[in-house]
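J.: Fit chains B and C to the supplied structure of chain A, relying on the hints for placement.
Listed here are the chains, written in short residue letters.
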Amino acid sequence: MNKTIANSLSQREFNFAYLDEQTKRMIRRALLKAIAIPGYQVPFASKEKPLPYGWGTGGIQVTASIIGREDTLKGIDQGSADTVNAVNIRKFFQKTTGVKTTENTDEATLIQTRHRIPEHPLNEGQVMVYQVPVPEPLQRLEPRGQETRRMHALGDYGLMHVKLYEDITHFGKITSTYDYPVMVDHRYLTSPSPIPKFDNPKLHQSKALHLFGAGREKRIYAIPPYTDVQSLGFEDHPFELQKWSSVCAMCGSSNTFLDELVTDDAGGHLFICSDSNHCQRTQQENQHNEN
Amino acid sequence: MKTDSMNISLQTPIGTGKELPLLQVNQLSKTFGQRRAVDSVSFELYAGDVLAVVGESGSGKSTLLNCINSNIEFDGGEILYHSQSMGTVNMAELSEVQQRLIKRTEWGFVHQNPRDGLIMNVSAGANIGERLMSLGARHYGNIRSQAIESLREVEIDASRIDDFPMNFSGGMQQRLQIARNLVTHPRMILMDEPTSGLDVSVQAKLLDLLKQLTQRRGLAVVIVTHDLAVARLLASQMMVMQHGQVIEAGLTDQLLDDPQHPYTQLLVSSILQG
Amino acid sequence: MSMNTNPINSKFDSPILELKDVSKSFFLHQRSSSPFKVLENITFSVSAGECVALEGASGMGKSSILKMIHGNYKVSAGHIFIQHTENNYIDVAKGHARDILDLRTSCINYVSQFLRAIPRVGAFDLIKQEAIYFLQKVKRPQSHAVELPTLILSKQEIQDLDAKVEAILQKLQISPRLWHLPPSTFSGGEQQRINLAKSLINPKPLLLLDEPSASLDHDNTEIVIDLIHEARQCGTAILGIFHDADVKNKLMTRSISMHDFQPKP
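Chains as they are written, first to last, in my numbering: chain A, 1 to 291; chain B, 1 to 274; chain C, 1 to 265.
In isolation and in its complexed conformation, chain A is listed as follows:
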């Protein structure tokens, strides 16, 4: 480790990664339990953080509990590593741990994300940490916690399918486009966090470990590597991926999640890859191929 960093660390009043070791231990126990029961929400004692609830404290606590000196951290927010949230979280960990950070998905061992999964497939040994606002997928349908816990315990998810049925009845299709509910390991109904439904298939049989932290709701859950994750649907109205009418204006990709950018007041717009890192790499590849 860099001597400067080591010095600066020793002058600090707080522990490596901000959280005290007892708290880290508590969260790791919750994580182990979550990994042992894929998709099951494990309660944990969410600690005070230097930022309020609603700003990713769950994800930060998970990252803080497992980050080690040898890790390389990447932070993304809506696919990009240079938005305010991503930048601040990266800076926070740089300050409290001194670990290496990167904007390249390939180089990261630990990726904390808000609302997107990188386009490039993840590898064994990589860990994704998700920031989750509402961990309970049935929340909007059944506000009583006692009832939802019973539904999970009994595996009785009729209510969720009722919601999907209603969507098809009144709108002709299932309307959820993000935070689309999934069945993890054929047992628990889980919220994949507000990632677009476009990203759901990336969870299925992924080589990486996916950890989910909800700070305000005080829940942790996990999807271990090589787990079956299926998005809900009906046999005659199956889960469908989002499609765009055009390709990325920067790299020409037609199989990534695109953001719409408004370019002028006259209604001009273009579509660009949400995953900025991936977009750059594709552009580099394109240039390389042209040469």
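Because the hints were derived from the structure by calculation, they are not lab data.
Just so you know, not all the hints are guaranteed correct.
[As the list claims (entries may be wrong)] Chain B side only, calculated, beta carbon under 8 Å to chain C, not exhaustive: (1) Met91; (2) Ala92; (3) Glu96; (4) Gly141; (5) Lys205; (6) Asp208; (7) Gln215; (8) Leu251; (9) Gln254; (10) Gln260.
We put the CB at the ideal spot given by N, CA and C, even for glycine.
T.: Just chains B and C, lined up with the frame of chain A:
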């Protein structure tokens, strides 16, 4: 005719050895503090029986029904049910998962207030389909056609399948509740005052429907009511409850036309004659 | 047990119905603390093909006897045996509800003085339902199962039923105009004929008649006499109360006096 020349084999009730009871309630008791709301009630129910449990408010009839359906926990006695999959089981010995399965597939429960038995903010079709989906039905088209079939059976126009129960009349809500219960082809239905609060003509229509349904499907029904006219119309057998006890039981028409117990006589004589 | 159109199911000499030392008392708790006896020592029987008339002034308990046989009144003492299957009798006095219900479905037709009309159901459907229940009972196997499967009748079966109902309604001279109206709106005579139709459409071994021709005019009375006569020819055992001497004489094969059954003072 000479009586001694006849070879009379005195009968035993048909039930013995030929048919098995669907439901056996033995010495069921429920106490609230000092008060015995249900006091050692026993009865048997066979397929096709329609049993009315009558009594005034506070007699314990609704409590009895809620105990059978395990809406509330009873303190004493046992409930034995002859399940399709498991044979005769003691309900208390089943796991919660097994109990729930039986209650959702082989039993039905019709609440007095349809709002307690329906999801008011999803469509009629979803209300009926919910049980099917909870049991694993995953074909939208099939679920929908089954829902339409159920609506027809309770005489609700199929065009209302996407409407919300909030916008239905009381009688229609009650019929939707019945449809919701029937979709899994239960063998036994428990009803708690299903016609209270409905207009007389609506009541008549509903009772007529219930009678046809129970006959056609060979259902076993326990219907709690304070209205003896409902009992006479729907039920072949009746139990009269007072202070948590069954004070008289037997054929409905016999209890109404030739009541033996003083309380039964009082009840029957109180019916307003039209 | 096979129930076909010919209800003769006893090759033996044994009667369809037998009363043995039956007595009836009423305990009207609101009126007095002690019971009062209305009938005692009732012993008689009725065989297939007989039409027995109960004779006596009104108030002597004739209807009560029919009601006890039907299970509508409780039997205070004694036995009422009704032939259920060949050589197997059920004692109505024992009071087992399911047994009595079974008897009513397969063995006893009871024409009371009053028609219990179900609201909203038309006359045709009322009678048709009786026929359907009977058919269902016959069709449902006497198995050891707990199930009663849903019964769906074939198109042909329904057509046959409809024809049967039409035939009996026409015979009883009920105008087609009335067929789909609820009988609660009918005149006394019309209601009585619907009552009879309900009971005569399914032939059963025992027929109980309580003043079947009261409130009927002469023509209709003749029709009813014919129908009852026909039933007797088919082997039905009939026990009846006939207020009209003419009707009684045309139908009965013997009579029983109520005097024998009055309680001794």
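J.: Each of the hints needs a verdict: does it hold here or not?
T.: Going through the hints against the structure:
no.	hint	verdict
1	Met91	violated (16 Å)
2	Ala92	violated (20 Å)
3	Glu96	violated (24 Å)
4	Gly141	violated (24 Å)
5	Lys205	holds (6 Å)
6	Asp208	holds (5 Å)
7	Gln215	holds (7 Å)
8	Leu251	holds (5 Å)
9	Gln254	holds (6 Å)
10	Gln260	holds (6 Å)
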